[in-house]
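S.K.: Now for the letters of each chain:
Number of protein chains: 2
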Amino acid sequence: MAQKKQNAFYAQSGGVTAVINASACGLIETARQNKKRIGKVYAGRNGIIGALTEDLIDTSKESKKDIAALKFTPSGAFGSCRHKLKSFEANRAEYERLIEVFKAHDIGYFFYNGGGDSMDTANKVAQVSKKMGFPITCVGIPKTVDNDLPITDNSPGFGSVAKYVAVSIREAGFDVASMAESSTKVFVMEVMGRHAGWIAAAGGLAAEKESDAPHIILFPEVAFNKEKFLKKVNQCVKKFGYCAIVVSEGAAYKDGTFLADAGSVDAFGHKQLGGVAPVVAQMVKDELGFKYHWAVADYLQRAARHIASETDVEQAYAMGKAAVEYALAGKNAVMPTIVRKKTKKYQWTIGEAKLSDVANVEKMMPKKYISSNGFHITEACREYLSPLIKGESYPTFKNGLPQYVVLKNEPVKKLLKKKFKI
Amino acid sequence: MAQKKQNAFYAQSGGVTAVINASACGLIETARQNKKRIGKVYAGRNGIIGALTEDLIDTSKESKKDIAALKFTPSGAFGSCRHKLKSFEANRAEYERLIEVFKAHDIGYFFYNGGGDSMDTANKVAQVSKKMGFPITCVGIPKTVDNDLPITDNSPGFGSVAKYVAVSIREAGFDVASMAESSTKVFVMEVMGRHAGWIAAAGGLAAEKESDAPHIILFPEVAFNKEKFLKKVNQCVKKFGYCAIVVSEGAAYKDGTFLADAGSVDAFGHKQLGGVAPVVAQMVKDELGFKYHWAVADYLQRAARHIASETDVEQAYAMGKAAVEYALAGKNAVMPTIVRKKTKKYQWTIGEAKLSDVANVEKMMPKKYISSNGFHITEACREYLSPLIKGESYPTFKNGLPQYVVLKNEPVKKLLKKKFKI
Chain D
2 MAQKKQNAFY AQSGGVTAVI NASACGLIET ARQNKKRIGK VYAGRNGIIG
52 ALTEDLIDTS KESKKDIAAL KFTPSGAFGS CRHKLKSFEA NRAEYERLIE
102 VFKAHDIGYF FYNGGGDSMD TANKVAQVSK KMGFPITCVG IPKTVDNDLP
152 ITDNSPGFGS VAKYVAVSIR EAGFDVASMA ESSTKVFVME VMGRHAGWIA
202 AAGGLAAEKE SDAPHIILFP EVAFNKEKFL KKVNQCVKKF GYCAIVVSEG
252 AAYKDGTFLA DAGSVDAFGH KQLGGVAPVV AQMVKDELGF KYHWAVADYL
302 QRAARHIASE TDVEQAYAMG KAAVEYALAG KNAVMPTIVR KKTKKYQWTI
352 GEAKLSDVAN VEKMMPKKYI SSNGFHITEA CREYLSPLIK GESYPTFKNG
402 LPQYVVLKNE PVKKLLKKKF KI
Chain W
2 MAQKKQNAFY AQSGGVTAVI NASACGLIET ARQNKKRIGK VYAGRNGIIG
52 ALTEDLIDTS KESKKDIAAL KFTPSGAFGS CRHKLKSFEA NRAEYERLIE
102 VFKAHDIGYF FYNGGGDSMD TANKVAQVSK KMGFPITCVG IPKTVDNDLP
152 ITDNSPGFGS VAKYVAVSIR EAGFDVASMA ESSTKVFVME VMGRHAGWIA
202 AAGGLAAEKE SDAPHIILFP EVAFNKEKFL KKVNQCVKKF GYCAIVVSEG
252 AAYKDGTFLA DAGSVDAFGH KQLGGVAPVV AQMVKDELGF KYHWAVADYL
302 QRAARHIASE TDVEQAYAMG KAAVEYALAG KNAVMPTIVR KKTKKYQWTI
352 GEAKLSDVAN VEKMMPKKYI SSNGFHITEA CREYLSPLIK GESYPTFKNG
402 LPQYVVLKNE PVKKLLKKKF KI
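So the sequence lines, in the order shown, correspond to chains D and W.
Its first residue numbered 2, the first sequence is counted upward by one per residue in the working numbering.
Its first residue numbered 2, the second sequence is counted upward by one per residue in the working numbering.
Derived by calculation from the structure, the hints in this document are not laboratory data.
Among the hints, erroneous ones may be present.
Note that the list lumps identical chains together, so a pair holds whenever it fits in one copy or between two copies.
[What the hints assert, rightly or not] Mimicking DSS-like on lysine-lysine, the simulated pairs with C-alpha atoms at most 30 Å apart in a straight line are:
{"no.": "1", "residue 1": "66", "residue 2": "391"}
{"no.": "2", "residue 1": "391", "residue 2": "65"}
{"no.": "3", "residue 1": "419", "residue 2": "233"}
{"no.": "4", "residue 1": "286", "residue 2": "85"}
Produce the complete structure using the sequences and hints provided.
M.R.: Following this line, the structure appears as structure tokens:
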């Protein structure tokens with residue numbers, strides 16, 4: 002446990018979001034307010050790879066204004082990566098190298114901003130550093146658009162994607178409704194969410210009544226039944242004149258085969274998906290003959306800082322701030338969480354979870370959040386999701402474009418002679 | 002020329018936009034201020050189809066508040082369609098029916114809100130109504146996301162799509178830049194624009210310096226050269242770490258073959274396109290091996306009222322207003338236009354064009370707007386486009402979602418016994 006003044010290391014991990022930089026902002030601003038305990042905040046260039054290669058960024062070189070601007074800037078300002086550390090037994094060299102780098106730069110605090118895989122890494126660093134006689138205070142900061150981290154009520158990054166998806170399908174729904182009589186009758190929008198349908202579910206918020214878009218949501222949690230689906234599409238077109246569909250990239254048949262499967266695999270061993278929207282649209286065209294259009298939002302949804310949820314931004318900031326406060330309070334191998342209060346009006350506070358309880362656990366959508374026909378969300382789901390997209394937090398615009406900060410990202414002088422190959 | 006008090010007919014035509022309802026708002030509000038000359042404004046349900054089938058909407062039944070809300074609502078509030086009237090010789094019955102309906106409902110003003118095809122229709126109605134002894138004052142209102150109407154400096158609807166595209170590729174560019182070291186290196190975003198590259202060009206506004214996204218724009222105006230393209234992609238990845246590409250749905254090979262061709266044809270005989278982004282992305286993967294992601298914005302781009310350009314909204318409103326004023330001034334077979342003043346700071350005023358000069362003419366991008374290597378926009382293009390995306394015009398949000406109006410759209414009592422089959 003670091004009581005003397007030591008430096009801190011911060012890294013962003015995995016897919017970036019519209020608000021992960023808001024967590025960085027909360028963390029750096031809070032660290033700067035605690036200079037007696039925390040020296041400099043070093044960020045890993047491209048996440049944990051920066052720690053392994055001793056490629057550290059000196060955030061103390063950034064102006065107060067630029068750090069504040071992080072709250073309004075999407076993406077990962079220091080770079081992120083999809084490099085997952087193996088177990089200590091399987092790749093001892095990586096852990097030894099990390100501790101070596103941290104020791105050389107007098108780093109007593111390790112802050113890792115990511116999803117389940119990253120919480121696993123942070124937890125291992127806490128254990129290994131102790132074993133190796135250089136104990137480091139490790140605090141995770143939750144981040145994932147997939148909203149699949151356990152214990153925390155929701156994950157920073159999700160609320161903004163949720164808002165983007167709900168806003169987009171509402172707007173596209175209005176568009177299609179006005180043309181459906183003589184043109185496009187079926188619109189399919191593909192959204193992210195590998196195994197959990199949280200993002201797809203958020204699209205459901207746009208539908209305040211049965212006739213509103215989206216009429217159908219295809220969840221990864223519900224086995225795709227072509228016949229039932231086509232019947233529902235046909236019903237919607239007959240009843241409302243058109244049918245707007247939100248489909249999760251993870252939508253799959255009963256046997257687990259994804260509706261669209263690009264076939265390649267990412268560094269974490271997850272299948273890389275994409276292109277389910279055209280598959281679903283073509284199915285509708287072939288079987289029902291309706292004119293269709295489809296959209297694949299892809300990175301646009303998770304980068305859309307211009308329509309970020311204010312709630313999400315505030316929570317992301319608060320998680321970064323709390324991480325520093327927890328570390329200074331001597332808490333180790335924990336992650337701050339968002340706790341929903343049991344009030345009628347949405348209120349939240351900050352809790353904590355052990356990293357060992359968070360690591361590698363995927364929070365699925367509760368069954369009670371999916372309507373009985375499997376095609377929409379329930380009132381319980383709406384109550385859960387609705388506050389998360391609340392509030393707008395617009396960036397500054399100049400000449401019609403949002404002004405996002407690009408940091409100087411000045412490197413810290415390397416102190417180790419040995420290079421490390423990833 | 003209508004001098005006595007008569008009713009007006011208004012219809013929305015073709016693909017809807019984020020701001021076509023702002024034109025409707027300008028038109029209806031101005032008509033309501035001129036009750037001595039204009040009785041009621043009847044809107045065609047689903048565009049010109051509503052006129053042919055005598056399915057008229059009585060806009061006088063809508064509250065002042067709801068009409069004002071049209072300024073903030075995307076899509077076509079009365080419904081639009083892709084029905085193109087043939088020549089008088091080829092389908093005399095349609096024109097006779099139109100005049101019959103207009104006569105029955107004492108309609109002396111015909112306002113048609115659409116693109117080049119619609120201006121052609123409005124022009125024909127002006128001619129035919131005169132021939133048939135029931136002269137109607139016909140005024141077109143420009144609308145097209147494609148920005149391909151001639152004479153007018155730009156077309157309402159375009160500025161907002163342009164802003165959406167520029168904002169989106171900037172945000173996605175930030176995202177990819179932060180992950181490129183170990184993940185996605187090439188991002189492809191597909192945008193609309195059949196024959197003219199205006200929308201794709203707008204993406205270029207996001208790049209304020211060479212290293213900014215997008216690094217490559219694929220225009221319909223520039224024959225696609227695979228070898229040259231892949232070389233450029235490779236250069237960008239080497240130089241900037243990643244490559245962000247905006248591709249127009251109309252991008253084509255030298256022989257005119259579209260890079261992606263869905264094969265079907267719409268009511269105007271245009272080929273229906275979609276899906277060029279995955280084609281380009283796969284090409285990059287196959288030849289260069291880079292990890293890719295792609296997005297197809299489709300309707301999201303033209304419906305995105307939440308990020309509409311304030312300039313565009315104001316101009317759309319002004320066109321609707323001017324249409325009424327022109328009609329009341331006795332102008333016939335004209336269309337108000339946007340005229341760019343020759344001032345250093347962007348200023349615009351309202352001009353007029355003859356419908357016969359506008360009809361069926363496509364304004365292409367000038368060659369001087371495309372950089373010499375064919376992959377980006379020039380400074381001249383930037384100067385032209387930049388003011389069109391300026392200003393934000395946010396809708397009201399409630400519970401995190403934009404509040405768009407759905408009108409009552411009460412039908413006008415039918416007066417004709419004869420039905421009409423489209």
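S.K.: Hints first: check each against the structure and report whether it holds.
M.R.: Hint-by-hint comparison with the structure:
1. Taking the closest pair of Cα atoms, residue 66 and residue 391 come within 30 Å of each other both inside a single copy (26 Å) and across two copies (24 Å).
2. In this assembly of identical chains, residue 391 and residue 65 lie within 30 Å of each other by CA distance both inside one copy and across copies; the values are 28 Å within and 28 Å between.
3. In this assembly of identical chains, residue 419 and residue 233 lie within 30 Å of each other by CA distance neither inside one copy nor across copies; the values are 62 Å within and 36 Å between.
4. Taking CA atoms no more than 30 Å apart as the test, residue 286 paired with residue 85 passes between copies only; the shortest distance there is 24 Å, against 42 Å inside one copy.
Checked against the numbered hints listed earlier, the structure breaks hint 3 alone; every other hint is satisfied.
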